[in-house]
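Trainee: Based on the provided sequences and hints, a complete structural model is requested.
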Amino acid sequence: MKKIFLLFLLLAVGSSLYAQTPFTVGRIEIIGNVHVPTAKILKAIGFKEGDTIDALRVKEAAKALEEMGYFAQVKPELSVEDDTVVVRFYVVEYPVIEKIEIRGLPESPGFKEGLIPYLIHWLSQGLYVSKNEILHTLEENGVKKGEVLNAQRFRKALEKVLEMLRDKSDIATVQITKAEPKGSTLVIEFEFLPILGHVFSGLETVPEEAAAALVQVPVGKVGRMSQIRESYRRLLSSVFFRDVQLEPEMDEERKGVYLHWELKERVLLPAPTELKGIELVGVTVFPPELVSQLIGALPEGKATNYDVLEALKGVFDYYMREGYFMVDLVPEGVEDGVLKVRVLEGVISRIEITGNTRTKESVIRRVLGLHEGEHLTRARLFAAQQALKALGYFSQVNLEPVRQEEGLVLKISVKELEKLGNIRGSFSYAPESGGIVGNIEYTQRNLFGTANDLSLSLKHGLTGETSSTWSVRWTSHALPLLKKLSLEGYHRLKEETRTLGGKFSLSYPVAFLWDLDLGLTSELRWREEELPPRNVLEVGLTHDSRDDPFFFPRRGLLGRISLAKAGDFAPGVRYLSLRAELAGFQPVDFGRGEVRGALAQRLLFGWGFDLPAEYRFEFGGVNSVRGATIRKSTDRLLLLNTEFRVELAQGFHLALFWDLGLSLADREAKTSAGIELAARIMGSFVRIDLAWPNDRPWNWVPQFEFGWAPLF
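Letter 695 of the sequence shown, counting from 1, is numbered 695 in the numbering used here, and no numbers are missing.
Check the hints yourself; a few may be wrong.
[To be verified] Straight-line distance between alpha carbons at most 27 Å, and here's what the computed DSSO-like set of lysine-lysine pairs gives:
{"#": "1", "residue 1": "Lys-182", "residue 2": "Lys-255"}
{"#": "2", "residue 1": "Lys-144", "residue 2": "Lys-168"}
{"#": "3", "residue 1": "Lys-48", "residue 2": "Lys-63"}
{"#": "4", "residue 1": "Lys-360", "residue 2": "Lys-340"}
{"#": "5", "residue 1": "Lys-419", "residue 2": "Lys-483"}
[What the hints assert, rightly or not] Label pairs and their computed distance ranges (CB to CB):
{"#": "6", "residue 1": "Val-539", "residue 2": "Val-334", "range": "52 to 62 Å"}
{"#": "7", "residue 1": "Thr-205", "residue 2": "Asp-589", "range": "22 to 32 Å"}
{"#": "8", "residue 1": "Arg-350", "residue 2": "Tyr-258", "range": "36 to 46 Å"}
{"#": "9", "residue 1": "Val-281", "residue 2": "Glu-252", "range": "46 to 56 Å"}
{"#": "10", "residue 1": "Pro-480", "residue 2": "Trp-658", "range": "41 to 51 Å"}
{"#": "11", "residue 1": "Arg-696", "residue 2": "Arg-667", "range": "17 to 27 Å"}
{"#": "12", "residue 1": "Trp-708", "residue 2": "Ala-511", "range": "29 to 39 Å"}
{"#": "13", "residue 1": "Val-539", "residue 2": "Leu-654", "range": "36 to 46 Å"}
Honestly, the hints are just simulated from the structure, not real lab data. Using N, Cα and C, we set each Cβ at its ideal position, and we do this for glycine too.
Mentor: Quick look at the structure:
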């Protein structure tokens with residue numbers, strides 16, 4: 001009877017009755033695996049011998065094996081042998097990869113014919129894809145030689161390769177036409193597709209030629225991500241359109257790509273109307289008379305919506321160029337033949353914060369530096385995002401301004417880091433050093449979500465001495481009244497000089513764009529005998545109204561004045577140091593083009609009394625008179641730096657500079673002129689100076705210098 005029941009069960013494969021009829025697994029067999037361990041396969045199946053299952057569980061197990069990615073084919077089978085139900089899986093493994101063959105890449109230039117032909121070929125080709133980068137990306141994502149091909153990893157690796165081509169090689173229109181193993185060789189074939197044309201939809205009054213003029217993606221060539229992004233930005237930043245959507249479309253023969261631009265016009269004049277002029281309402285950030293001069297002429301007779309947009313193009317572009325990227329134009333009707341247009345300059349109506357599971361909202365708002373009722377500029381948005389990132393508390397920080405019925409809403413979403421603290425160290429026993437030797441460090445950031453950081457360190461015996469060196473530091477970034485507060489204590493050893501000291505510093509916002517800086521440092525120093533202590537009190541005032549403090553300031557001032565006093569109020573070294581700095585920025589416009597310039601000047605005055613050599617002002621060098629071959633220090637300095645800057649790209653500019661420095665202590669002057677290239681790369685700043693100073697014989701070869709922080 002039992003055999004009859006099992007026979008009926010096996011004959012009912014695929015029926016709902018079989019799918020729901022349970023049976024006991026007597027034995028599990030895996031047939032066909034060579035390199036994938038049987039134990040790994042059995043673990044993926046999800047049941048074992050002796051379990052009671054049904055046919056659906058067998059099907060699910062087969063699917064689980066397929067999802068492992070190692071098998072090109074998985075076939076389940078049930079059989080009865082000696083009154084025992086045997087669940088058998090026939091598998092066909094993908095091959096072990098011995099070779100990876102990449103096809104379809106453009107020919108890479110070589111050095112066989114010399115450097116100059118190589119450069120000419122490289123520049124003329126304009127399309128370079130690194131085979132090594134592709135292989136490295138495949139390996140990083142689990143596709144390696146000497147291992148069984150995993151289809152799941154292979155699929156994800158190909159996605160990463162395409163992503164790499166977009167980000168690193170700047171290629172947008174590429175497809176993989178073949179990706180398959182041939183024996184032990186993995187073949188991957190690429191096809192780089194040209195842009196066949198541009199299609200525009202949604203145009204009503206704006207001519208297609210006006211939209212096409214904003215697109216800088218050449219037809220007939222492989223699409224570049226940078227060109228597509230720039231064209232998208234130009235369309236979205238133009239006065240003609242409120243919204244832009246891009247949809248790539250493959251042609252029927254799959255030999256190229258059409259870029260379909262879906263556009264939504266900005267409507268200021270619903271129907272053609274005779275107009276005498278245009279009146280702007282709501283202009284506050286610029287002098288109204290300056291903005292009014294940018295309004296273009298209207299045609300005689302009836303004007304269309306496109307005519308109005310064309311007339312206001314200069315106004316809209318000026319706002320955009322100056323960083324007011326959320327500017328909008330809203331019609332307010334026609335009165336006596338005059339079209340009234342309200343300029344929405346991007347005033348924040350509400351700030352919405354999400355994702356802060358640990359950090360308090362008040363902390364984010366204080367660090368953000370943006371408030372309801374303020375104008376949102378591109379520079380301030382970037383500065384706010386950088387300030388939040390600089391805390392180091394979040395893995396993701398997104399700031400998205402959105403126009404809603406209530407106005408401009410700034411949506412801030414953050415993702416908290418799970419671990420913001422660590423402890424590490426090591427100790428050992430060394431009799432020659434007096435016993436225990438080692439170090440320990442402990443850090444914890446964002447204590448209780450209040451933007452407080454704590455760090456401790458202890459070292460013992462690492463310098464060959466039996467005594468210890470240590471440091472402790474606490475910093476708060478978002479106290480209710482202060483912008484920043486820091487306390488630090490330390491015991492240091494450097495060149496046989498021991499220093500036991502502490503430092504207290506704070507920054508207090510006394511007014512909008514004004515911060516009061518206070519600092520107190522106290523140190524005890526000794527070698528073989530005790531040295532005079534050092535007690536320094538620092539007081540400073542900072543004003544920063546620059547429109548873009550990170551990349552390319554064109555307007556505003558940066559002023560700092562600080563006084564450092566050592567001694568008198570406490571025993572020890574005595575000196576007085578005064579430092580005053582003022583930097584100003586003026587915009588230089590090149591017509592209505594997108595190239596931006598700025599005239600920047602900094603005046604620095606330093607005056608010290610009885611300054612020790614290590615605390616004197618630098619006179620000649622990358623941070624004063626650039627390119628000076630003879631570098632010294634002085635306790636009385638007057639420095640003027642003048643630069644004419646041209647922005648080549650965001651975060652990259654070229655400057656013509658002239659430096660003049662005067663050492664008032666010994667009445668010596670230094671000057672230099674030259675060219676500076678400055679860039680922010682991956683969060684770091686670097687500048688290269690080519691200078692011709694006056695303290696060396698003249699020749700055409702410049703003095704090269706590198707700086708790792710902005711001069712001003």
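Trainee: It remains to establish, for every hint, whether it holds in the given structure.
Mentor: Do the hints match the structure? See the list:
| no. | hint | result |
| --- | --- | --- |
| 1 | Lys-182 to Lys-255 | holds, 25 Å |
| 2 | Lys-144 to Lys-168 | holds, 22 Å |
| 3 | Lys-48 to Lys-63 | holds, 16 Å |
| 4 | Lys-360 to Lys-340 | violated, 44 Å |
| 5 | Lys-419 to Lys-483 | holds, 25 Å |
| 6 | Val-539 to Val-334: 52 to 62 Å | holds, 59 Å |
| 7 | Thr-205 to Asp-589: 22 to 32 Å | holds, 29 Å |
| 8 | Arg-350 to Tyr-258: 36 to 46 Å | holds, 40 Å |
| 9 | Val-281 to Glu-252: 46 to 56 Å | holds, 51 Å |
| 10 | Pro-480 to Trp-658: 41 to 51 Å | holds, 45 Å |
| 11 | Arg-696 to Arg-667: 17 to 27 Å | holds, 20 Å |
| 12 | Trp-708 to Ala-511: 29 to 39 Å | holds, 32 Å |
| 13 | Val-539 to Leu-654: 36 to 46 Å | holds, 37 Å |
Comparing the model with each earlier hint shows a violation of hint 4 alone; every other hint is respected.
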